[in-house]
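Going by our numbering, the sequence shown opens with residue 134, and the numbers climb by one from there.
To be clear, the hints were calculated from the coordinates, so they are not data collected in a lab. Beta carbons are placed, not taken as given, at the ideal position from N, Cα and C, and that holds for glycine. There's no promise every hint is true.
Claimed, not checked - So the derived label-pair ranges between C-beta atoms look like this:
1) S372 with G187: 43 to 49 Å
2) R328 with T284: 21 to 27 Å
3) P416 with A156: 29 to 35 Å
4) P416 with G350: 16 to 22 Å
5) M134 with P210: 17 to 23 Å
6) D188 with S309: 41 to 47 Å
7) H400 with G187: 28 to 34 Å
8) P165 with P289: 23 to 29 Å
9) D370 with M432: 31 to 37 Å
10) E177 with R233: 38 to 44 Å
11) R233 with A156: 20 to 26 Å
12) E415 with D370: 22 to 28 Å
13) P143 with D286: 35 to 41 Å
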Amino acid sequence: MKIFIGGYGPGIVTIDGGLTRVASPSFLAAHPALPVLYAAGELERGWLTAFETGDALRLLDERPSEGDSPCHVAVDPTGTLLAAANYGDGTALLCRLDGRGAFTGEPIVLRHEGSGPDPERQKGPHAHQAVFHDDILHVSDLGTDEIRRYTCDGAPLEPITLAPGTGPRHFAFAGSRLYVAGELAGTVTVIDGDRHTIVPASRSEDKNQPSHLELHGDFVYVANRGPDTIGVLRADDLSPVAEVPSGGDWPRHFAIDGDRMYVANQHSGGVAVFALKDGVPEPTGQVYEVESPACVLIM
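Let the hints inform the model, and build the full structure from the sequences given.
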């Protein structure tokens with residue numbers, strides 16, 4: 134097991150002290166079968182980089198993200214497709230990978246239009262996360278309150294629409310059920326067929342901008358920026374289980390490995406380690422100092 138941390142510091146960091154310099158690698162993803170890591174360079178002229186992993190990261194390939202400020206990248210379960218979400222202009226990218234995990238062929242650029250009711254955050258589309266599920270590419274759009282859907286050839290499908298002003302950010306599937314963190318509304322929504330259940334992501338009265346959401350076991354975990362907590366909800370009915378301090382300021386992302394949770398607290402510059410006991414994160418007291426961390430990847 135190796136832990137890689139991306140963010141807005143000098144590059145990709147490993148918790149054993151390694152550093153690979155690359156500009157603004159705000160999100161990282163692993164190839165499902167090869168020792169290859171992908172980084173989204175969150176720049177106005179967005180960039181995607183592929184690295185071979187080993188004792189150190191070695192550059193394998195790179196290409197433009199075809200949009201402004203890519204903030205998420207994902208690889209499909211077959212290891213033949215990569216998708217990226219560009220927050221700045223809402224563009225998503227779909228491209229093929231060869232047998233080495235390098236980029237190949239002409240990319241499919243998925244441009245989008247639309248807006249939402251929030252005059253500051255929803256003037257236009259803002260793609261935030263790309264997820265492959267059941268051979269369909271799903272892209273959350275914070276600006277239009279939609280989960281956009283495409284075939285793996287890039288053909289558009291009917292989107293999933295959320296309540297106006299939700300601002301969907303990260304999301305996860307459990308079979309046919311879809312769980313969505315609403316950054317603007319401060320909510321978690323579960324969609325099961327035509328039924329939408331919406332609950333607050335935090336019980337705090339502080340303004341909340343949820344970031345990452347993940348399913349693990351019987352629980353939904355959500356990082357709450359503002360309250361600076363990790364919320365734990367039951368997956369079956371979204372009832373609250375616990376809410377614990379994130380171990381720092383502005384929890385942007387977390388990763389779970391077995392009974393350990395690693396929380397990237399962006400503004401306080403650290404990755405806090407928690408032990409999961411009966412599903413509830415408990416602080417271990419261990420914090421890895423990393424400049425402006427935004428993503429934790431465990432390979």
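- Item | Unmet hints by their number, sorted upward, for this structure | As far as the earlier hints go, only 10 is violated by this structure.
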